[in-house]
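2 protein chains.
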Amino acid sequence: MGPNRYDWKRLEKFATAVFVRAGVSTREAETVARSLVHADLRGVHSHGLARMPVYVERILAGLIDVKEAPVVLNKAGATAIVDGKNCLGAVVGEAALQTAMEIAGKNGTGMVGVRCSNHFGACSYYAEQAIQKGMILFVMSNAPQTMAPTGGLRPFFGSNPIAAGIPTGSAPPFLLDMATTVAARGKIALAAKRGEAIPRGWAIDEQGEDTTEPERALRGALLPIGGAKGYGIAMFVDILCGLLTGAGYGPSVHSLYDNDQHPQNVGHFFWVLRVESFMPLPLFKQRMDEYIQLIKAEPRAAGREEILIPGEMEWRTAKERRASGVTLPEKVASELSALGSRLGIELEDARLQ
Amino acid sequence: MGPNRYDWKRLEKFATAVFVRAGVSTREAETVARSLVHADLRGVHSHGLARMPVYVERILAGLIDVKEAPVVLNKAGATAIVDGKNCLGAVVGEAALQTAMEIAGKNGTGMVGVRCSNHFGACSYYAEQAIQKGMILFVMSNAPQTMAPTGGLRPFFGSNPIAAGIPTGSAPPFLLDMATTVAARGKIALAAKRGEAIPRGWAIDEQGEDTTEPERALRGALLPIGGAKGYGIAMFVDILCGLLTGAGYGPSVHSLYDNDQHPQNVGHFFWVLRVESFMPLPLFKQRMDEYIQLIKAEPRAAGREEILIPGEMEWRTAKERRASGVTLPEKVASELSALGSRLGIELEDARLQ
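Chains A and B, in that order, give the protein sequences. Oh and the first sequence: position 274 is 273 in the numbering used here, straight run, nothing missing. Oh and the second sequence: position 7 is 6 in the numbering used here, straight run, nothing missing.
Please note that a few of the clues may not be correct.
It does not matter which identical chain is used: a pair holds within one copy or between any two.
BS3-like cross-link-like pairs, simulated, lysine-lysine; straight-line CA separation at most 27 Å [what the hints assert, rightly or not]:
id, residue 1, residue 2
1, K284, K66
2, K84, K284
3, K12, K318
4, K318, K186
5, K8, K105
6, K284, K74
7, K74, K132
8, K74, K105
9, K318, K105
10, K84, K330
11, K105, K186
Since the hints were derived computationally from the structure, they do not count as laboratory data.
Next comes chain A alone, as it looks inside the complex (with noise of 0.2 Å):
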């Protein structure tokens, strides 16, 4: 095992208790902790425990209420809204999806819009629990500006995100999470580090030209995917998310970092679809298996081992880190034990001999 390879289910003890040293109650630091692990289980740092440091420097600061709970609010037919009350990200998400499946039980269909939250981690923690109940998720979350609208030199939008989770029977669920932009910010904030170029597309620089410097990227604004339909799916999703359910929108979804004045005021929107209501859920997973099993039969282009679906390499990597450790990127590993060690905590028990 290498040094910095970690058991998941202690990984998720030790970030419990973190939160609840923070003043987080037991029950939902479980549920942030869940989400952020679950998301270096897949692989994907960014959102995983990465994150707990800013977590617990906006609860301590009184900038993420943790005295609160979200509320839900115009429950009528299949939607209602939840406030999220400025609680921590994953607990408002948690309470969204499960009004939205809840919703979604008893009438096939449940639309939960989501005010007043945070950042919520990985969407693909929310879509991999709809799954597991049969249910289809389509999930939404607007974010701190980042992207130009098409024309535009400077961030309006952010990257947007939207994920949808489908469930299938013995084939690996079908799992897309992903931004609305070409690239992460953070992937460019690292390439300026290394002096590295980035690729044409990712970003604009302030003049509104295409860069591959990074440094100008991090001054202009990144890119939609697909150019004015990039750009389309983005405003689509801050209006859902924010202008629908009275959250933040472009200017006043506020940053996550460097903020010491704002409460985020992200807005989510989560939309479940029961599979029963439309046929049999083990005909439609069978179906799903023999379609996946289609697409993977494809001819391939040269040096392709196989066509992968949305979310496959991610659930493999899940599978493997649950046997064999979470390898932590190092970075992440130090901040970790220094916030653990500030409250108490030894990041050093969910090590791995």
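Assemble the complex: chain A is given as a structure, and chain B must be docked to it using the hints.
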């Protein structure tokens, strides 16, 4: 007035009369005519009257059933399935939209899956109707194979469009209507005819290599927007429209053209959201107007006159064309004229002097 300028209301009458001669009921003929002229008004000729000859050809060959009517099945809670009974696509789409809006009127949201349909015209036709009722529409359709999965060599998915319409106050409505491929196959065919190169990123050749040669692209496959992200979106659309409804999917969605064997069995998915379930409609519309103003006020890239909202350009074109007439491409006008003559209906009657 140019020689191919037509009055849009008289074009609708022309198209209605042609469909009626082909055996379609007046009411259904009017629906399809409206859907096609809607696209021509917006300048989207690829989904306008240019499709009428092949629709009529398939009706006369018995490949579209004009004696049947769509049937609503499995209606429960906020979901339903529409069996299109192989009727004209716009007739099926209209039935599904009305069903979804009726359900949303009662439940706040309505989710309608559709099977056994045909090419249903421009998604924007349905979005405009939902917008007029103060509702948000998200609509998807699968389509005959043109797009390769990431890592694959040949077409498996269709261009699988998604569209969204959102009401506004005085600003043009938000109306995103997009294929999940980077470019339309028709554009590549046109480049081939003109002997022009196509941009990188549009398509792969038979070996899976990105190509700028349109002939190679036509033997290869179209690429999705955003690489694996667009592949994931196209697959999501195919699953909801096809696997969940009992429509065709992947290879079992049949072509509109050069196919005298199979009904198309296209699938659609209509998702309607009633704004009033979340906030008062006048307030939402006012918020949308302010939001759009905010985006339009953003600093612009060099050479950009303004920042456009999705669908704004087409909205302006439609406004102008309603007033001054619709200019049809020469080839479309001559095909329509020939089709009309065959069935005893004069396109000339719709021409502006």
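Verification of the supplied hints:
1. K284 to K66: neither (41 Å within a copy, 35 Å between copies)
2. K84 to K284: The answer is between: 25 Å across copies meets 27 Å, while 37 Å in one copy does not.
3. K12 to K318: within (19 Å within a copy, 61 Å between copies)
4. K318 to K186: within (26 Å within a copy, 44 Å between copies)
5. K8 to K105: Answer is neither; intra-copy 34 Å and inter-copy 45 Å both fail.
6. K284 to K74: between (31 Å within a copy, 22 Å between copies)
7. K74 to K132: both (22 Å within a copy, 22 Å between copies)
8. K74 to K105: The answer is both: 13 Å in one copy and 13 Å across copies each meet 27 Å.
9. K318 to K105: This pair counts as neither: shortest intra-copy Cα distance 33 Å, inter-copy 43 Å.
10. K84 to K330: neither (32 Å within a copy, 60 Å between copies)
11. K105 to K186: neither (43 Å within a copy, 46 Å between copies)
Figure legend: structure checked against the earlier numbered hints; hints not met, in rising order: 1, 5, 9, 10, 11.
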